[in-house]
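Please construct the entire structure, taking both the sequences and the accompanying hints into account.
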Amino acid sequence: MSRQQRRDRLIFLVPSMTVLVAILFYPLAYSIWLSFYNYYLPVPRKSFVGLDNFRYVLEDSAFWEALSVTARFTGAAVALELVAGAAVALLLDSRIPCRRFVNTVVLLPMTITPAVAGLLMRWMFESNWGLVNYFLSLVGIRGPGWTGDPAWALWSLVLADAWQNTPFVIVVLYAGLQSVPTEPLEAAMVDGATRTQTLTHVVFPFLRPLVLFVLIIRSMDAFRIFDQVFVMTGGGPGTTTQTITFYNYVMAFRLLRMGRASALGVITLLILSVVIGFWIYLLYRREKGEW
Amino acid sequence: MAYCKGRSFMSRRRSVVLQWLCVTSMMLLAGFAALGLWPTVRAWGADPTIHYISHRFPMLEFWAKKMGEYPGIKFEGELIPFDQALEKMQIHLSQGAPTYDIMATDAFLSTFAERGWLMPLDPLIAKFRQAVDWDDINPILVRDVCSYKGKVYGVPNLSISMFFFYRKDMLDAAGLKPPTTMDEWIATARALTKPDQKQYGTTLTLKAGDGFQNDFTYFLRTYGGDWYDKDWKVTIDSEAGVKALTTMKELMKYAPPNVLAFHNDESTVAMQQGLTAMGLLWQSRALAMDNPQASQVVGKVDFAVPPAATKGGRSVPRLSVGCYSISAFTKNDPDLVFQVLTKTLSKANMRESAGLATPTRLSVTRDPEVIQKFRFIRTASDNIQAGARIVPTNPEFSEAMLQVTQNLQKGLTGEVTVPEALKRAQKVMADLMTEKGYYKK
Chain A
106 MSRQQRRDRL IFLVPSMTVL VAILFYPLAY SIWLSFYNYY LPVPRKSFVG
156 LDNFRYVLED SAFWEALSVT ARFTGAAVAL ELVAGAAVAL LLDSRIPCRR
206 FVNTVVLLPM TITPAVAGLL MRWMFESNWG LVNYFLSLVG IRGPGWTGDP
256 AWALWSLVLA DAWQNTPFVI VVLYAGLQSV PTEPLEAAMV DGATRTQTLT
306 HVVFPFLRPL VLFVLIIRSM DAFRIFDQVF VMTGGGPGTT TQTITFYNYV
356 MAFRLLRMGR ASALGVITLL ILSVVIGFWI YLLYRREKGE W
Chain B
114 MAYCKGRSFM SRRRSVVLQW LCVTSMMLLA GFAALGLWPT VRAWGADPTI
164 HYISHRFPML EFWAKKMGEY PGIKFEGELI PFDQALEKMQ IHLSQGAPTY
214 DIMATDAFLS TFAERGWLMP LDPLIAKFRQ AVDWDDINPI LVRDVCSYKG
264 KVYGVPNLSI SMFFFYRKDM LDAAGLKPPT TMDEWIATAR ALTKPDQKQY
314 GTTLTLKAGD GFQNDFTYFL RTYGGDWYDK DWKVTIDSEA GVKALTTMKE
364 LMKYAPPNVL AFHNDESTVA MQQGLTAMGL LWQSRALAMD NPQASQVVGK
414 VDFAVPPAAT KGGRSVPRLS VGCYSISAFT KNDPDLVFQV LTKTLSKANM
464 RESAGLATPT RLSVTRDPEV IQKFRFIRTA SDNIQAGARI VPTNPEFSEA
514 MLQVTQNLQK GLTGEVTVPE ALKRAQKVMA DLMTEKGYYK K
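Just so you know, the sequences run in chain order A and B. In terms of the numbering used here, the first sequence is numbered consecutively and its last residue is 396. In terms of the numbering used here, the second sequence is numbered consecutively and its last residue is 554.
Any given hint could turn out to be false.
[What the hints assert, rightly or not] Derived, one-sided and incomplete: chain A residues facing chain B with beta-carbon distance under 10 Å:
| no. | residue |
| --- | --- |
| 1 | Pro120 |
| 2 | Val148 |
| 3 | Asn233 |
| 4 | Gly253 |
| 5 | Gly340 |
[To be verified] Pairs of lysine to aspartate or glutamate residues, derived as DMTMM-like cross-links and limited to a Cα-Cα distance of at most 25 Å, are as follows:
| no. | chain 1 | residue 1 | chain 2 | residue 2 |
| --- | --- | --- | --- | --- |
| 6 | B | Lys536 | A | Glu164 |
| 7 | B | Lys456 | B | Asp160 |
| 8 | B | Lys536 | A | Glu170 |
| 9 | B | Lys549 | A | Glu164 |
| 10 | B | Lys311 | B | Asp282 |
[Unchecked claim] Ranges between beta-carbon positions, derived for each pair:
| no. | chain 1 | residue 1 | chain 2 | residue 2 | range |
| --- | --- | --- | --- | --- | --- |
| 11 | B | Pro194 | A | Gly245 | 44 to 52 Å |
| 12 | B | Ala304 | A | Thr301 | 54 to 62 Å |
| 13 | A | Leu213 | B | Glu182 | 37 to 45 Å |
| 14 | B | Tyr183 | A | Leu377 | 45 to 53 Å |
| 15 | A | Ala256 | B | Ala244 | 56 to 64 Å |
If you're looking for bench data, these hints aren't it; they were derived computationally from the structure. Model, not experiment: these values are computed from the prediction. Here a beta-carbon is modelled for each residue, glycine too, at the ideal position from N, C-alpha and C.
Next comes the structure, spelled out in structure tokens:
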């Protein structure tokens with residue numbers, strides 16, 4: 106490639122790079138820069154404090170609590186969504202009646218914005234007049250206080266998240282199931298493999314990269330959950346549902362500590378990068394045929 | 114044409130690229146310019162727009178509606194939950210943005226005034242004293258709540274206190290009287306709790322933030338404690354604090370299962386729908402009990418001064434005085450904004466709205482017809498006599514409140530013991546006060 110061609114290509118990159126820099130790199134760089142400053146919103150003057158904000162966050166018990174809540178939420182929500190999503194995808198892949206209708210209905214929660222879904226769920230999980238407890242009462246169960254009960258508040262968030270995001274898992278895995286070639290399935294049938302054996306030894310290996318893909322996307326999203334927490338529980342009772350992003354919001358917009366909030370944001374970014382890096386490493390190992 | 118044919122392919126391509134870049138840049142610039150200029154263009158020749166923000170409850174909805182009827186202006190009101198209103202105001206004002214003209218500043222008036230976000234109203238009061246009948250507005254409220262360091266920063270628009278709401282029909286049926294002490298409250302709540310019939314003895318407002326703070330402040334002060342001593346030392350980790358939180362924990366046993374998620378709205382609905390028999394609620398919710406469209410308990414709810422700690426003891430209910438302030442960054446004519454505000458808070462309007470909260474004009478609160486018409490104005494007066502007080506007005510109080518009450522909640526859920534919860538809550542507040550330089554090292 107000539108120098109001229111390289112220059113032309115760079116020129117073509119300018120518009121998209123401008124947009125990227127404006128909406129991605131600049132805020133990120135600004136946030137990193139801010140994390141080294143003591144910036145209290147009502148006082149316009151910022152003072153350089155080095156790593157003090159990071160030290161503050163890492164010594165703050167609320168941060169570790171929020172990290173633990175986020176990890177538990179992410180683990181539970183993603184696991185539930187994967188299991189439920191795989192089950193529904195398999196069901197749709199088999200010859201069930203009204204498949205198209207079911208397909209459409211299943212996708213509906215995905216079309217709702219998370220804040221609206223959170224509001225819906227808040228009323229569904231309302232312990233005195235909510236639908237969930239109403240249905241439980243029909244089978245003789247007195248439902249818990251859900252969002253007001255420390256033992257159930259996190260679970261109500263997990264269920265709300267699963268309700269909204271399982272369709273994504275279904276779509277991806279269902280598409281994967283549709284693309285499984287027929288030859289190995291027929292060969293398994295000829296060899297007398299049971300349905301479970303076919304599923305575990307033939308179908309699942311084909312789906313593995315997609316499962317990993319779903320894991321990456323859903324883990325990232327679940328780790329950053331904010332809308333449902335804000336709408337459904339406000340981080341409570343106590344701090345039982347205070348996730349990292351919610352704590353970040355509290356730090357920035359309630360306590361107005363922009364420097365510390367930025368440091369918390371940077372730390373969150375690093376944690377998430379490590380987790381996602383691990384998943385991607387697994388994905389590439391698979392592509393290289395290492396497992 | 115001949116010229117074009119003579120140019121090299123690369124040169125033509127470069128020309129296309131440059132043209133394309135120019136067009137794209139110009140479109141982007143035009144777009145940004147249009148976005149930036151649109152409000153200005155739209156404002157040409159139109160009535161001035163007054164932007165308003167407050168939390169939402171019937172009295173403030175009434176004032177917003179009346180401001181919207183003010184002649185010669187366009188009114189844009191934002192009535193949103195308390196926490197969100199505070200958050201939006203802080204973000205916009207800290208950047209010096211002229212987003213809002215009139216704001217309900219209430220308990221954080223001093224915080225905002227200290228930061229230079231509010232317009233001092235003294236010159237405007239001097240200018241319009243007669244026209245807006247300023248001297249009729251309760252001077253004690255102006256001086257004690259809507260002023261900061263000797264300057265007036267707000268106009269009091271309402272005064273409300275927390276009542277003890279109770280279902281007189283249920284108490285009568287059970288042969289009980291409204292409780293006058295904490296022990297009686299617990300005993301009465303126990304007697305009226307029948308979870309199988311979806312009936313609970315009491316409601317509490319325990320959602321972390323200002324909701325929890327309102328209830329806790331009443332319990333704390335009624336047991337003889339307070340948030341700070343005279344030297345601003347935080348004093349909630351005290352005997353009174355333990356008694357307050359322990360009583361709340363005891364009462365929680367007779368409250369609906371998700372009471373930790375209850376804010377004012379949820380507590381109101383619980384009373385309106387007959388789910389709870391008693392509870393502390395704001396005076397502004399009293400009228401809602403008798404609204405046949407929303408309430409199943411019309412005429413069945415009565416009001417009293419909240420219980421004292423012991424027989425013959427003193428009850429210290431929460432008092433709240435609403436203040437409307439004008440942003441220091443308003444782009445509108447301050448004379449106009451002040452007149453919109455004060456003329457909306459006229460005698461006629463206050464008389465019309467007297468059922469929603471205690472009016473702040475002396476001529477209305479002293480009007481026998483108004484007192485006769487709204488039965489709860491008597492309770493409001495009794496509450497003031499009992500010693501109802503506003504919360505501390507230092508900026509740190511509202512700033513730390515979410516984290517403080519989150520920690521106190523943990524004492525109620527059993528996540529930590531009551532003394533530990535108080536200790537942690539006190540530490541959060543004390544750390545902030547130390548950081549702000551309240552204590553000498």
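Results of checking the hints against the structure:
no., hint, in the structure
1, Pro120, "6 Å, holds"
2, Val148, "8 Å, holds"
3, Asn233, "6 Å, holds"
4, Gly253, "3 Å, holds"
5, Gly340, "7 Å, holds"
6, Lys536/B / Glu164/A, "18 Å, holds"
7, Lys456/B / Asp160/B, "18 Å, holds"
8, Lys536/B / Glu170/A, "18 Å, holds"
9, Lys549/B / Glu164/A, "20 Å, holds"
10, Lys311/B / Asp282/B, "17 Å, holds"
11, Pro194/B / Gly245/A: 44 to 52 Å, "36 Å, violated"
12, Ala304/B / Thr301/A: 54 to 62 Å, "59 Å, holds"
13, Leu213/A / Glu182/B: 37 to 45 Å, "42 Å, holds"
14, Tyr183/B / Leu377/A: 45 to 53 Å, "51 Å, holds"
15, Ala256/A / Ala244/B: 56 to 64 Å, "60 Å, holds"
In this structure, only the earlier hint numbered 11 is contradicted, and the remaining ones agree with it.
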